[in-house]
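Could you build the full structure based on these sequences and the hints that come with them?
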Amino acid sequence: MRWLSDRTVERLRAAGSEIDLTHTRYRLIEPIGRGGMGTVYLVEDPALDRRVALKVLDLPDAGGELTARLIQEARVLARLEHPGIVPVHDVGELEDGRVFYTMKFVRGDRLDRWVRSGVSLRQRLVVFRRLCEAVAFAHAQRVLHRDLKPQNIMVGAFGEVLVMDWGVAKILRNLDEEPTLRMTPEASPESLSARSPGASPQTRHGTVLGTPGYMPPEQARGESAQLDERADVYALGAVLAFLLGGRAAAEMGARSASKPRWGRGVPRALRAVAEMAMRAEPAERYRGADELAAEVDRFLEGRPVMAHPESILLRAGRFLWKHRIAVILLLVYAIVRALVLLAERP
Amino acid sequence: MKKILLAMALGAVLGLLDGSSAWFSPDARDKMGSIILWSALKDVTAGFLIGVVAALVRSKVAVVFWGLLVGLGLAFLVAMEPDPDTGKHYYLAIMLPGGLVGLLVGYFTARYGGGVVRRRAATVT
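Protein sequence lines correspond, in order, to chains A and B.
Offset between the first sequence (1-based) and my numbering: plus 18.
Offset between the second sequence (1-based) and my numbering: plus 1.
If you are wondering where the hints come from, they were derived from the structure by calculation, not from laboratory data.
Heads up, a few of these hints could be off.
[What the hints assert, rightly or not] DSBU-like, lysine-lysine: derived pairs with alpha carbons at most 30 Å apart:
{"id": "1", "chain 1": "A", "residue 1": "340", "chain 2": "B", "residue 2": "3"}
{"id": "2", "chain 1": "B", "residue 1": "89", "chain 2": "B", "residue 2": "32"}
{"id": "3", "chain 1": "B", "residue 1": "61", "chain 2": "A", "residue 2": "340"}
{"id": "4", "chain 1": "B", "residue 1": "3", "chain 2": "B", "residue 2": "89"}
Note that the structure is a prediction, hence the values are computed from the model and not measured.
Shown next, in the form of structure tokens:
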């Protein structure tokens, strides 16, 4: 028996990572990402003269389950038309039967890399605010992301935010609808995908999907049927903690992911906001991403946040600080007036 | 309009306070009424002039600077009139607080008075 050389193995791997797009309108450029279920390629769409990202299953799917999931992921994206959510362009099938979909090719940095580029606290909060808006929109469309984490969030050159990887998304049932639901075990190595063999595309109760440190306790327990918007609120809290500390909540030495360990210089109000979003009990968290965004707005505007009630003294201090120029001018006026009066005295 | 009213209200309040401070000068106590009235009138006028500019100009610094100029200018006009009893001029005692009142009115109006008046966009046919 002869062993293959490393170079041969590398060539075989490279050949294996190429896809045959002959019967599609796309031209392959290069692979740009890989996940548990499929690979994302940068391709060119000659008809529209633009580059798009194409996601395709790694292998033909005999059972049809992964295919159904990929299509479902594309449908979830198609349902979510929002500037903060990566738009899907097309769904199709390769000659070998593998299903693919194309989406916008996002230029920018992943949030975990972007945060290392020395951005200010305000910039971080503005980006977080945009992330909350995108997630709130998805919630309004009855879609949960279920795997929000810095690696799944892209920040563009102008601070635009795009939420990626909706592979484990869950469509919430409307009260007047039949149960639905969908998800695909996705992509990142950190993601847990402990699924029982032969499971249907619908998430089974007991299935654990998500990323440790970013998924709420109920999701980690596999209580998928109980998940609602507050599961994403937990993940947003963890992302906020990451943005404030620069490290993932799970890496911050937290015994429980609900209680991150904070570094120096993190404002107390913001800590309180992140901790409230990450409460173990869903009922104690913010009710939605929009409520969390409103808290961040309050902080940005110099107002007290709900999660951190302040004493009268603190409020007075905050008020004086906010209007410090006016206070200084009034003080200067009072002092000058007093000096003039003193000087006039015989 | 909001800025003009705010500036005039601020001028009135600061003018009253400024005039009332004359009580601490024993010589001026018997003329308190007229001092307060003229001081308030002067600062309401200053408020009007500052408010009009604040409603049209976006730059806070410009409004504050204009407030200082108006305050100093009106105070100078008042200080030009000598004291009827002593014949002395009190330029420093009148102009320094007067200029500061104008500066305060300018700052408060620019900071808390809301946005500037929008100019009507040209229509394209």
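Do the hints match the structure? See the list:
1. The straight-line distance between the Cα atoms of residue 340(A) and residue 3(B) is roughly 22 Å, inside the 30 Å bound, and the hint therefore holds.
2. Proximity of residue 89(B) to residue 32(B) is assessed by CA-CA distance (about 16 Å); at most 30 Å being required, the pair is judged to hold.
3. The straight-line distance between the Cα atoms of residue 61(B) and residue 340(A) is roughly 17 Å, inside the 30 Å bound, and the hint therefore holds.
4. The hinted pair formed by residue 3(B) and residue 89(B) fails the criterion: a straight-line CA distance of about 40 Å is larger than 30 Å.
Figure legend: structure checked against the earlier numbered hints; the only hint not met is number 4.
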